[in-house]
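Engineer: Residues per chain, in single letters:
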Amino acid sequence: MLKIKHFIQQSWLLIAASFLFGLLIAVTNAGLDERIKQNEKDKLNDLMKALVTDANDFKIEIEGVQIPGKRGRVTETDIYKVLDDDGNRIGFAFVAVGPGFADKIKLVIAVDDRCEKFFGFKVLSSNETPGFGDKIKEDYLGEQFKGAPAGELELVKAGKVEEVDSKIVAISGATVSSEAVVKIFNTYIDRVREQLQAKGFIHATKALRHEENKSELK
Amino acid sequence: MANKSMDSASIYKQTLLAGLWRENPVFRLLLGMCPTLAVTAAVKPALTMGLCVIFVLLCSNIVVSLMRNLLKPHLRILMFTLTIATFVTIADLFLKAFALRMSETLGPYVPLIIVNCIIICRAEACASKNGLVVSIIDALGMGVGFTLTLCVLAGVRELLSTGKIFEAQVMPDWFVPWAAMSMPVGAFITLGLLLGLVNAVSKRKA
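Top line first, the protein sequences correspond to chains A and B. For the first sequence, counting from 1, position 176 maps to 176 in the numbering used here; every step adds exactly one. Here the numbering used here runs 1000 ahead of the position in the second sequence, where the first position is 1.
Just so you know, not all the hints are guaranteed correct.
Result set (DSSO-like, lysine-lysine): computed pairs, CA atoms no more than 30 Å apart in a straight line [said to hold, decoys possible]:
| hint | chain 1 | residue 1 | chain 2 | residue 2 |
| --- | --- | --- | --- | --- |
| 1 | B | 1044 | A | 137 |
| 2 | A | 41 | B | 1096 |
| 3 | B | 1072 | A | 3 |
| 4 | A | 117 | A | 43 |
These are computed hints drawn from the structure, not numbers from a lab.
Bound conformation, chain A alone (with noise of 0.2 Å):
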């Protein structure tokens, strides 16, 4: 009993500040939830908007698509059907996130309606060194992933820019975090067509198909 007494004198302004500065932080976290949830929604349209310029909406289509990542480890990202004035689907967009040089970096990633070609993608956060890794939200990189193939993508050092392929031309001083973003691609793009064609929303490519007969014939 005594020990008992001898704790609550010791510690009672300490009980009484938690639970009042935790009442406080949850009055204001209650208050600006919705603005800070509104503002990630809005920032996310803004750059699907930016991506797919004919888009005027963007749903959920397929939610909790889980990605397998390294040592086990699974993130989860949503995919949004994209569509354009008159309510038609247009493609489809998802969140990508990988490592980068200094951070995490988080991408959003567009393809067309058939899963064939990417639309492109807009860095929704990074923190790569400014001046050189911060380039991956520059025109250069970003053009060489409008109209590519939505399949294996690969990073070189050298090579044409303006050739529409899946071979990616490195911004030079920023190598690693040109390959991280490549990776992070390569990493999403096929568990996202497996999904579209597991739900229906697409049909298996020529390629995918000659893939999948192949390995059938084994």
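Assemble the complex: chain A is given as a structure, and chain B must be docked to it using the hints.
Structural biologist: Structure of chain B alone, referenced to chain A:
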């Protein structure tokens, strides 16, 4: 009576001015080096960080000063940390709600205000030993001193790394931006030079 109020006014003035020069947290006490080096690549994030620190410092000094007579000596640091963490979380939530882009620019450095030595130092050295008015004035002096220092450092770095201040072109067309100034090396060099300058001025004054 008149002398007493004169003394109080003098104490308040000295407390306020201490943070600006004599006990400037960055140039004289070398506290808060993490945000000083990390968020001073441009003036806007530096100013935002400074305002966040003023808010947290002011709130924590008020709370610590009000409960100073109830504090148990062995639990005081825990109480300071709890108080600071609360107001840092609130500042972070406000930034996310009203300045999302700035919140993303500042990244983890807003939550890291919790471990900023300036705030815990003022709680220990001033707020836990003085009344409410002195604690408020001390928080304002130290906070403004810290913010001004950050802005000066950021001004030099932004000007040399981009040729701009507040995103407005200042340097002539022929100026070639020094990209290194926006990187950590630029922060260390600028801080070192400004510390040397402040020391030289202080010596001359003495």
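Engineer: Next, verify each hint and record whether it holds.
Structural biologist: Evaluated hints:
At most 30 Å may separate the alpha-carbon atoms for a hinted pair to count; residue 1044 of chain B and residue 137 of chain A meet this at roughly 20 Å. The straight-line distance between the Cα atoms of residue 41 of chain A and residue 1096 of chain B is roughly 13 Å, inside the 30 Å bound, and the hint therefore holds. With a C-alpha separation of about 17 Å, the suggested pairing of residue 1072 of chain B with residue 3 of chain A holds against the 30 Å cut-off. Proximity of residue 117 of chain A to residue 43 of chain A is assessed by CA-CA distance (about 24 Å); at most 30 Å being required, the pair is judged to hold.
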